[in-house]
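The letter at position 3 of the sequence shown is residue 3 when you use the working numbering, and the numbering goes up by one with no holes.
If you're looking for bench data, these hints aren't it; they were derived computationally from the structure. The structure displayed is predicted, hence computed values, not measured ones. Among these hints, one or two may not hold up.
[What the hints assert, rightly or not] Here are the computed lysine-lysine pairs in the BS3-like style, where the Cα-Cα straight-line distance is at most 27 Å:
1. Lys-254 with Lys-203
2. Lys-161 with Lys-178
3. Lys-160 with Lys-178
4. Lys-198 with Lys-214
5. Lys-63 with Lys-42
6. Lys-409 with Lys-155
7. Lys-304 with Lys-76
8. Lys-178 with Lys-155
9. Lys-409 with Lys-160
10. Lys-76 with Lys-63
11. Lys-186 with Lys-160
12. Lys-304 with Lys-77
13. Lys-254 with Lys-198
14. Lys-304 with Lys-6
15. Lys-63 with Lys-44
16. Lys-178 with Lys-77
17. Lys-145 with Lys-161
18. Lys-161 with Lys-409
19. Lys-178 with Lys-203
20. Lys-254 with Lys-205
21. Lys-145 with Lys-160
22. Lys-304 with Lys-44
23. Lys-186 with Lys-409
24. Lys-304 with Lys-42
25. Lys-155 with Lys-145
26. Lys-214 with Lys-254
27. Lys-155 with Lys-77
28. Lys-155 with Lys-76
29. Lys-409 with Lys-326
30. Lys-155 with Lys-186
31. Lys-77 with Lys-145
32. Lys-145 with Lys-178
33. Lys-203 with Lys-214
34. Lys-6 with Lys-44
35. Lys-155 with Lys-63
36. Lys-178 with Lys-254
37. Lys-63 with Lys-304
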Amino acid sequence: MTTDEKQHVADLTKRHVSPRHILFSLQDRYPENVTRITEVYKHKSVIQKEIRGPRSEIQHLFKLIEDAGYVYWSRKKDDSEVVREIFWAHPDSVKLLNIFPIVLVMDSTYKTNKYRQPLIEIVGMTSTELTFAVAFAYIESEQTKNFCWVLEKLKELFVKKDMCPQVILTDRDLALMKAIEIMFPKSINLLCRFHINKNVGAKCKQHVVNDLQKMIDTLWMEVVWASDEVEYGQRLHQLEQACVDYSGFINYVKDTWLTPHRHRFVGAWINQVLHLGKTTTNRVESAHWKLKQMLGNSIGDMVKCLEAMNNNLRLQLGNIRASFQKSFYEVEHVHVSPFYGYLRGSVSRAALRRIAEELLRVDYVGTNRQICGCTLRTSYGLPCACELGRYTLGGIPIPIDVVHVHWRKLTMEVELEVGEDDGSEVDMTSAMDELWRRFRSLDVIGKIIKEATTIHSSIS
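Take these sequences, add in the hints, and give me the full structure.
Next up, the structure:
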């Protein structure tokens, strides 16, 4: 490669462009170029080594974390300098967490780094129903004590001591569930419906003859979606009758899911929980997928993983700010009615859409609470059909204060309510300053980015 071509590769490498796309760019800019992909990889590796200098991989990772302004912690293996676990969160993620703390989703994956260390990702949801990464952690193993350490650090991110998520959504990971019970005893731990249904469907195929599988799948879904405990009992009885010849399947369903965990995923129970519509971990899995797309493969080192996370986070924040602006300034046709007059520009478009959908139920619900079921009120914090029926009968617009404060937060930049029970407000600037003071004062922090060369470049 010529000097200009090498400089072009260096520029694109610093922008985290993949080798394949670097080669395409070289060929477009320099038509006579005959560089092969292997040469691009080699030159890219040389550039990355120059950037890293004499630092080990783990030292360089901590430098990048500090340079990016992350809040972070780490801990070492006993009697050694080997780092066993790392937890980090971007300042903007911390800000979003304290603005939108109600529902968090947690999941882990092994497929983002060459060490196959479990990567824990914690995500939240904004008023515009967009996902944001709260924090990441590499842990040594998926045991309760390791998850407790992660959740302990998550606690440190809240600017109010008594603040905690109302709901934490996970898969059926017993170690993680136990850790949540220990560290966030006031939070409700829901389980992902999607994965439960997937597991039950797979077990059904193992035990039930083909002709009956569809019927039994339908009966199972009716159990899951039962709206109250009476209906749940009826639907379960129907399922049991249909599975009288399939004891292996019905015993699995009852022993693994319904008896110990029905309150974590069956509608009769979770419809009374303010989960904002989040009943699956698909959001965090989608975040994992986007991260893997940016990595290009699953065997990168941890520095590459961090770079991909930074890029992904920038995209998330841009989309979130744009969605706030849309809710301020753009009005959908269905919301032009004076009925939404108090809400336009003050409530997210996502909330308005859900209210508009609920309004369609008013014709047959009227103001009858029993027929309504009030799920939108209890699970979303939004006016349900029977409430909307009363407003339409009275000819009055929907009051702003019947919309949960979560849906009324449309900025990251000013003082925002963090709890509606006491009406308290927190100045996010001073709160973040306090968080940083707390962070800087802790001895246990992962400030091992020292010049020592004893730190191993492995996390194992």
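Status of each hint after checking the structure:
| no. | hint | in the structure |
| --- | --- | --- |
| 1 | Lys-254 with Lys-203 | holds, 12 Å |
| 2 | Lys-161 with Lys-178 | holds, 22 Å |
| 3 | Lys-160 with Lys-178 | holds, 24 Å |
| 4 | Lys-198 with Lys-214 | holds, 13 Å |
| 5 | Lys-63 with Lys-42 | holds, 24 Å |
| 6 | Lys-409 with Lys-155 | holds, 22 Å |
| 7 | Lys-304 with Lys-76 | holds, 22 Å |
| 8 | Lys-178 with Lys-155 | holds, 16 Å |
| 9 | Lys-409 with Lys-160 | holds, 18 Å |
| 10 | Lys-76 with Lys-63 | holds, 17 Å |
| 11 | Lys-186 with Lys-160 | holds, 15 Å |
| 12 | Lys-304 with Lys-77 | holds, 24 Å |
| 13 | Lys-254 with Lys-198 | holds, 15 Å |
| 14 | Lys-304 with Lys-6 | holds, 21 Å |
| 15 | Lys-63 with Lys-44 | holds, 20 Å |
| 16 | Lys-178 with Lys-77 | holds, 23 Å |
| 17 | Lys-145 with Lys-161 | holds, 22 Å |
| 18 | Lys-161 with Lys-409 | holds, 21 Å |
| 19 | Lys-178 with Lys-203 | holds, 25 Å |
| 20 | Lys-254 with Lys-205 | holds, 17 Å |
| 21 | Lys-145 with Lys-160 | holds, 24 Å |
| 22 | Lys-304 with Lys-44 | holds, 13 Å |
| 23 | Lys-186 with Lys-409 | holds, 24 Å |
| 24 | Lys-304 with Lys-42 | holds, 16 Å |
| 25 | Lys-155 with Lys-145 | holds, 15 Å |
| 26 | Lys-214 with Lys-254 | holds, 19 Å |
| 27 | Lys-155 with Lys-77 | holds, 22 Å |
| 28 | Lys-155 with Lys-76 | holds, 20 Å |
| 29 | Lys-409 with Lys-326 | holds, 13 Å |
| 30 | Lys-155 with Lys-186 | holds, 13 Å |
| 31 | Lys-77 with Lys-145 | holds, 14 Å |
| 32 | Lys-145 with Lys-178 | holds, 9 Å |
| 33 | Lys-203 with Lys-214 | holds, 13 Å |
| 34 | Lys-6 with Lys-44 | holds, 9 Å |
| 35 | Lys-155 with Lys-63 | holds, 24 Å |
| 36 | Lys-178 with Lys-254 | holds, 21 Å |
| 37 | Lys-63 with Lys-304 | holds, 13 Å |
Comparing the model with each numbered hint stated earlier shows that all of them hold.
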